[in-house]
Amino acid sequence: MEIKKLTRLSMLLALSVILGLLENMIPFFSGIIPGLKLGLANIVVLFVLYTFSSKDAFFLSILRVILMGLISTGLFSIRFFLSLGGAFLSFVVMALSKKYTKLSVIGTSVLGSIAHSVGQILVAILLIKQGLMIYYLPWLLFFSIPTGIVVGYMSKYFIDYFEKRLKINF
Amino acid sequence: MKIKKIMGMIIVLLLFLGAGYFLLRRPYQEYSLNLFYMDTYIQIKFDTKKSRDDVKKIKEEVTKIYQDYHELANRYTEYGQNVYYLIHNTSEEEVITVDPKLYELLSYGEMAYQESNGLLDINMGCVIDKWKYYRERKEGIPTDEELESCNSVNRLVLLGENQVLNNHPNIDLGAIAKGYATEKVKEYFESVGITSYIINAGGNVVVGTPQHKDYYQVGIEDPNDGSVFKVLKVTNQAVVTSGGYERFYEYEGHKYHHIIDPNTNYPSEYMKSVTIITDDSALADQLSTTLFLMSIEEGKAYIERYPNVEVIWYSNDDEIIMTEGVKKYE
Amino acid sequence: MNKQDGILIFILIILSLFGMAFFYLSEKDGPKKAVVYYEDQVVLEIDLTQKEEKTYQVEGFNGTVTIESKDGKVKVVSENSPLHLCSKQGYISSSYETIVCLPNKIVVAIEANDSLDAVAK
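Residue numbers (the working numbering), protein chains in the order written: chain L, 4 to 173; chain E, 498 to 827; chain H, 660 to 780.
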């Protein structure tokens with residue numbers, strides 16, 4: 004891997020972790036529904052997905068969860084597994100969306116946001132063998148839409164900014 | 498490259514270990530046991546934190562209690578010197594020594610006979626068989642001659658020290674054996690420290706203190722349509738119903754059920770059903786039959802000598818009459 | 660945002676509203692009980708027809724979880740977890756609401772109180 008690309012991806016990874024940590028400091032969202040998040044870190048994942056490659060986005064996404072585990076949630080804690088499930092499903096859905104649909108970054112972001120919720124619920128159901136959490140699904144789905152749109156617009160702004168305005172080719 | 502692979506493997510391994518740890522350990526356990534003895538499906542559920550081996554032993558012991566009483570009280574099959582043997586043996590001996598458990602049960606039957614002033618009689622086997630014959634054919638009723646022929650059957654004579662006079666009494670323990678055996682199971686549960694249990698012996702319900710809620714909810718079946726007309730909230734109680742609506746046949750527009758009044762040798766028709774709530778399952782079984790064999794008014798007076806026994810009558814006019822104390826279970 | 664995005668978002672909003680409506684409408688009238696699960700096992704049932712305040716304790720994965728019922732509502736009072744999400748959630752009383760204490764593997768759900776343990780007959 005090129006040193007330049009490696010450096011950039013590393014910085015993006017660090018940025019995504021910082022965004023995640025920042026987000027944990029906003030208690031507002033989890034007050035509505037447990038597990039609900041704005042998903043700021045997804046900006047970085049989307050950015051990498053659209054400007055680098057899906058492989059890079061995948062590793063960034065998973066490494067971010069592991070780093071977050073080390074720093075904040077605790078490695079192999081429940082929240083770690085939830086994040087992992089969310090991040091994984093979210094990445095898969097976004098990669099597929101980018102490759103096979105005509106959706107823009109915003110649509111892809113909304114799908115990723117929803118997939119993140121669904122992934123978390125699936126892991127939760129798996130971990131405690133209890134399907135009742137499905138009741139959260141419509142709510143998470145509903146609130147994932149605005150958060151997905153917000154994150155999508157921010158991602159789009161950054162992608163456009165770097166690609167078009169600065170003419171930086173990653 | 499090699500390091501990458503090893504790192505990857507370690508991460509995957511740790512993931513599995515982490516998830517595995519979380520999936521471990523269950524602090525609560527519920528067990529169930531289904532049996533068929535005494536012509537009845539018996540469902541037992543209990544909670545305990547005991548080990549698998551202990552639970553296995555407990556289940557075996559409970560099964561054995563029901564099996565023992567099933568065999569001892571059986572009047573259609575011979576199992577050693579059981580009730581069948583008492584009725585049908587051809588031995589020349591004057592007295593028969595029976596299993597102490599059977600002797601105790603027969604003594605209990607005698608006591609119930611005394612207490613009920615002759616209404617609950619374990620010597621009714623002959624009459625019960627006559628009715629059973631017609632019930633199974635679903636046609637006809639026993640003739641007076643047939644029923645009178647039962648008068649010549651000897652009554653049970655208890656001689657003490659587990660000895661019974663060999664005079665071929667026609668014993669039927671159907672009214673008490675189930676409740677009696679269930680009471681023994683309950684005592685056994687309590688002796689091994691199991692307090693959270695529910696036993697449903699074909700509608701004779703006995704409960705302990707549930708581990709994970711305030712009380713058990715026991716419904717009482719409506720004799721008319723099989724729905725539930727009342728729900729009781731009970732702990733450490735037996736809820737036993739007697740009624741003519743479960744086993745009966747219709748002949749010439751009249752319903753004939755299986756609980757026979759010894760005074761008339763006909764099925765009793767004072768009420769549709771009667772339910773007893775008390776902490777002793779044997780007593781509940783005994784009293785439900787006794788009260789079914791007397792009028793509701795007589796029953797109200799009769800029951801006063803028993804403290805802590807609550808009664809719900811379902812009259813022939815579909816009226817529900819309850820003793821004062823039933824309220825505390827509502 | 661292009662046209663496809665718009666269609667997608669529209670469909671998703673409809674879907675989530677349908678989901679919510681479904682859960683709301685599946686709510687039945689009548690007596691209710693709170694059922695507390697440890698994984699898929701019922702470890703506590705609280706009759707919600709009783710008005711007086713009552714406290715219960717169940718064993719969660721990380722220790723004791725204290726649950727309180729009052730006026731037909733139920734909440735988790737205290738539990739041992741990093742974020743205390745489930746004790747912050749407050750009271751629930753409808754069958755489309757659940758309290759999930761993931762770190763303790765405890766789920767509190769509201770169900771119709773119509774099941775009988777046995778029927779005497």
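Simulated from the structure, these hints should not be mistaken for laboratory data.
Mixed in with the good hints there might be a few duds.
[What the hints assert, rightly or not] Derived lysine-lysine pairs resembling DSS-like cross-links, with alpha carbons at most 27 angstroms apart: (1) E:730 <-> L:7; (2) H:729 <-> E:730; (3) L:58 <-> E:501; (4) E:727 <-> H:732; (5) E:727 <-> H:662; (6) E:727 <-> E:797.
[Unchecked claim] Part of the chain E face toward chain H, derived, beta carbon under 10 angstroms: (7) 721; (8) 730; (9) 747; (10) 748; (11) 749; (12) 772.
Just so you know, even glycine gets a beta-carbon here, dropped at the ideal spot from N, CA and C.
Going through the hints against the structure:
no., hint, in the structure
1, E:730 <-> L:7, "violated, 73 angstroms"
2, H:729 <-> E:730, "holds, 19 angstroms"
3, L:58 <-> E:501, "holds, 16 angstroms"
4, E:727 <-> H:732, "holds, 25 angstroms"
5, E:727 <-> H:662, "violated, 60 angstroms"
6, E:727 <-> E:797, "holds, 20 angstroms"
7, 721, "violated, 12 angstroms"
8, 730, "holds, 8 angstroms"
9, 747, "violated, 19 angstroms"
10, 748, "violated, 23 angstroms"
11, 749, "violated, 27 angstroms"
12, 772, "holds, 6 angstroms"
Hints 1, 5, 7, 9, 10, 11, counting from the list given before, are not met by this structure.
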